[in-house]
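Asker: With chain Y fixed as given, assemble chains E and Z onto it according to the hints.
Protein sequence lines, in the order shown, are assigned to chains Y, E and Z.
At position 78 of the first sequence the residue is numbered 72 (the working numbering), and the sequence of numbers has no breaks.
If you count the second sequence from 1, you need to add 316 to reach the working numbering.
If you count the third sequence from 1, you need to add 190 to reach the working numbering.
Be aware that a few hints might be false.
With a cut-off of at most 20 Å between alpha-carbon atoms, the simulated EDC-like pairs for lysine to aspartate or glutamate come out as follows [stated by the list, open to error]:
| id | chain 1 | residue 1 | chain 2 | residue 2 |
| --- | --- | --- | --- | --- |
| 1 | Z | Lys280 | Y | Glu226 |
| 2 | Z | Lys280 | Y | Asp227 |
| 3 | Y | Lys307 | Y | Asp219 |
| 4 | Z | Lys453 | Z | Asp477 |
| 5 | E | Lys398 | Y | Asp219 |
| 6 | Z | Lys511 | Y | Glu275 |
| 7 | Y | Lys306 | Y | Asp219 |
| 8 | Z | Lys410 | Z | Asp440 |
According to the in silico footprint, chain Y covers these stretches of chain E (three or more CB under 8 Å from chain Y) [to be verified]:
| id | stretch |
| --- | --- |
| 9 | 333 to 343 |
| 10 | 578 to 592 |
For the record, the hints were derived by calculation from the structure and aren't laboratory data.
For every residue, glycine included, the Cβ atom is placed at its ideal position computed from N, Cα and C.
One-letter residues, chain by chain:
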Amino acid sequence: MEEIYKELVEIVGAGYVSNQPEERFIYSRDPGTMEPHEPDLVVMPATTEEVQKIVLLANRKRVPIVPMGGGLVLSGLSRPLKGGIVLDMKRMNRILEVNETSRYVLVEAGTAQGMLQAYLKKNHPGLKHSMPDSPPMATIGGNVLIHGSGHLSHAAGFHSEMLNGLEVVLPTGEIVKIGSCSTSPYWFGRAPLPDLAGLFLGWFGTTGIVTKLAIKLFPNRPYQDVGVFVTEDPELVPDVLHRVTGVQVAEDVTAWMTPRPDWARGFQHININYAADTPEELTGKRNLIRASLQKYIREKVGGFMVLPPPMKKGFLEAPQTTLVQFADVRKGGGFEYVGGIMPIELFARAYRAGIEIAEHQRTTYSTGARVIGLGHCMMFFFAYPFNRADEADVERARKALEETNRVVLDMGGIPWKAEAPAQKQIIQKMDPKTFDLMNRIRGVLDPQGIMNPGNWEVE
Amino acid sequence: MEYAAILHRCFRCGYCKFPGNYIDLNCPSYSKFRFETYSPGGRMWLLRAWLNGEVQTSSRLAEIIFSCATCGNCVEQCVFPKFKDDILHAFIAGREEMVNKGVVPPAVRDYLKAIQVHGNPYKLSAGERRKWQEGLNLETYSDQEYLFYVGCVGAFDERGIKMARAVAILLKNIGVSFGILGAEENCDGNEARALGEKGIFQSLAEQNIRDFQRRGVKRIIALSPHAFHAIKNDYPKFAGSLEVFHYTQILAMQAKKISLRQAQAPRRVTFHDPCYLGRHNKEYQSPRRVLKAFPGLEMVEMNRSKENAFCCGGGGGNFFTDLLGSGPESPARSRVREAAETGAAILAVACPNCAKMLEDAVKAENLEEKIAVKDIAEIIQGGQI
Amino acid sequence: MDGLKYSKEVCEACDTHDCLIRCSYIKMDLKTAKEERQRLLRGEKSPVLTECVTCYACEEYCPHGNHPFYLIVERQEQLGIWPVPQPLTKQQIIMMAPKGKIIPQKVRSPVVNMCYFPMLAGCVRGKLFQGASTIVGSDVFCNIMWLHFGKNSVIRERLPEMIANIWEHYLKDSGVKELICFHDECYGAYTHLAPAFGLTVPFQPIHLFEYLTRRLDELKDQIRPLGQKVAYQRPCSNRLIPETQHWVDDIFKRIGVERVERKYDRGNALCCGAVIRAQQMEDLADDVQKRNLDDMVETGSKYCVFNCPACLFTLGDAVMKRGIIPILMSELCQIALGEGIKGA
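Only chain Y is shown next, with the shape it has when bound in the complex:
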């Protein structure tokens, strides 16, 4: 490793490589429940060329390499399961181009979500990107590549669906452009070419290191509002979601269900965020949304909350800081969640399962669901907080997560950004020919098996 360290120093400079115990400690773990795995080295490249050199070095030396964005995935995907080099991508954080007319932005993969949001607010206030609810340090690259979702996902799908193109360093060191940018100076999309972006989406860094991405931007309308529709029968929710998404005026539709505070227990709250260019348009959208749910309003089994201003302000934030505060519920700085991607018709089943699991694992919980597209599916999340200083509490949360992954798969959902054990469960359920294809692709792209090994593998 000493030799590799020296070569890394040559590539990035001494200030941006570490083999020290302190870095190895911190980069061995993320804020979730997964056990730590120490890297041998941590390196922070600033350019694609530096990434390329690092990858070539890793290939030569057959050393595992794990790209890391914000490190906030919570399911431990940036832990180096087999040691090696962790590539902290966050120095690659330049915003390279904003195309206002065609509404896209080209960024380096380590660009923080918050910084892109701030940059657009300042320089292109008429545009915004779909902001996930992870803390603002989460990176554009990290979130897109795990099929993240956010505040525009009802309007436009998973964040991976908002991807226009990539620049990738392959495991064998080639720098490749994916999408229209491979053939044109514009990064307008992945069509009409064979879509190679799929080789890198959802693969957890096992097929290459993305260094640049272009993502779609959307109108940032000046007037915003949120309605929170409340029911107490989860069986109604799929139809509620189906109706409201059918109107196609909202930007984000996200449900939340939590046992605390007391008044929230047993109720399903559906946040419907929408925006407009004028107050009249805003009122019009509000009315369209409400009209879509008239059946339930008339029957008095559902209705929109009258939101006190501070609560409304919180729901209009992007990202919502209150979600992160869930980590301190057990006074212990931790939470992790299973995000089950599943059709919206499974809502009631998922909701009940979440309560049952929390009850018999004796753990606190919170659940919710972000709708993707026009109710094409949802990311149903089961979140469990834990006290990091109490190993028994961590274990309870871990067991709840394990059981949740199983239950999600059993009901026909698929855990999103699954931690290594859950990946194995997914593989078990997967069509063997699909998994075989994944392995063949990896074999071609990463013949040395250096890219984030231990992920998407069976024992």
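Answerer: Below, chains E and Z alone, put in the same frame as chain Y:
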């Protein structure tokens, strides 16, 4: 270790790395070094791991812990209301542990030794403290309304001296009744406190309190926000409750007199909030009131201002220990680039540490033709520093 | 009916039916009003039960004091009519439930009841409230809001406990009989609602405005008349206690402000719209709020005085956007006494 109970509650979410508007990184040490270990969350986790024996004592660990500039951005931005106020207390407590174990970076050791032996970090004799006011005919304190307290940087540092002189002249010109202690002034101890040397700080604080009480001092005007902070917030713990003002607050009270002064040619100015005046003591208005009162100035704000201000890197002892180092990614250089982007010709400061850090950074960035660092009193005086 | 003090005969003999004829939200002629009132008396369904926006005004309009609105609420519950959708109603019932965390404490006069609005407790300060004690919390919540939700049963269940809590844990052992009610709701609950439900109130509720008038007289040398035009948002609860309206004029006279004559004040006051929104009638709420705000703006008022936290939270921002300063009555008085508003 005090505050150990909060260390595990940190989620390492990273809100502490940013200002409230996310426009750029806002933690000086993380911005410089970029390893997660140098972020507030990294420090919290490392301190806990150190106390648990998972991470061993080392010079690098000490460097990480002592590189915090104590700017308070993490306290301001942390989204966990139940322990955010104790984040810096935890870092300082960690430093205390290291001081007690004798595992501090050499620069920290040297600083603390200089204070202990010489009573100042410059290793100069106490008599040198009177030199800053030569030729100004300032009165020694004897029952005037205020004691004007300049501190070590104001008394010994070349740049600090310029600022101290400008402030003293201005206070005199607008008729503020004050006296000084000259050679009999002692270090306020704020940096010793921030570096975890509780004992030295307490000794300095108690000595100062005795001196002030003996002289009948009731009100103090502090040149440096660091002294202002220590006297206001920490001296009362040692039964030293005095009314203390930062000099910009006194100037703000006299804004009308300032507005009558002769205007200079119109200039654009941007103000750098010192951490120990702004975030730590929530005083954002007085300096601005003074600048807005002075004819001919057009004020513009940087992207990171007020509670979002980016620290110059001169706090937490770093002004003396230089653990944040230089280089284009140093906080001070990043800050002056930000200031220059506003189009301002003047970067106004209200702290001698900031004045020195930012002025050196302007030179390092070759921005001398574009922007000048001036303290508020220097701007109003209008003359050469 | 379980304790509700009204007389069937009085309604049957009424030939004006002001309760329904004068309603600002349901339009009907005298004949229809008579028929619908009869339905209500017989316990039958009536469009009144679903169209009522629960503004309480008919309690004021009834010349016989025969509680026409309380009867509407009673019938809503009996007939399973939910003015506000069930999930929202149930949530509120849980949210506003007594927590059983009351700790007895000694208080001294003047004792100001802040009900369940701790966020406004900071208003009890300065010369007006010198030496005052405050009581606040879920265990002293007046519970009048259930009138908006068709839930007289919750009032029956909780109001006696609240009265007992206030008396037993604070006032009795402190030897204090007077309770200054900061909001119209509380004063209305203890002087009008409670007796209508057959409940005895052992303490003496004092309307905040009466207290303020008293204090202003004591501090009259310190008043600097404001010389401003002020709009007043009369809350629905004040319909239960119209005899307190004159205090508004009395205070305004003392602090030198003009209560602007406007269409939607006094007997013609409009609901702030919060409850209309809770009833999912967004267009009506928009309309009511717009008319109310337009009316205020036309008068050129500098301030709009609120005495209900719900009205304040609902309309405060909108009022400010239209260039009028939202303010509580006590805060306006504090300005006249040279004290300024906290946080301003």
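Asker: For every hint, state whether the structure bears it out.
Answerer: Structure-based check of all given hints:
1. Lys280/Z - Glu226/Y: 9 Å, holds
2. Lys280/Z - Asp227/Y: Status holds; Cα separation ~13 Å.
3. Lys307/Y - Asp219/Y: 9 Å, holds
4. Lys453/Z - Asp477/Z: Holds, because 15 Å separates the two Cα atoms, which is no more than 20 Å.
5. Lys398/E - Asp219/Y: It is violated: about 29 Å lies between the C-alpha atoms, which goes past 20 Å.
6. Lys511/Z - Glu275/Y: At roughly 19 Å apart (the allowed maximum being 20 Å), glutamate 275/Y and lysine 511/Z satisfy the hint.
7. Lys306/Y - Asp219/Y: Roughly 8 Å between the alpha carbons, so the hint for lysine 306/Y and aspartate 219/Y holds.
8. Lys410/Z - Asp440/Z: Cα-Cα ~13 Å, so holds.
9. 333 to 343: Contact hint for the stretch 333 to 343 of chain E vs chain Y: holds, 6 residues under 8 Å.
10. 578 to 592: violated (count 0)
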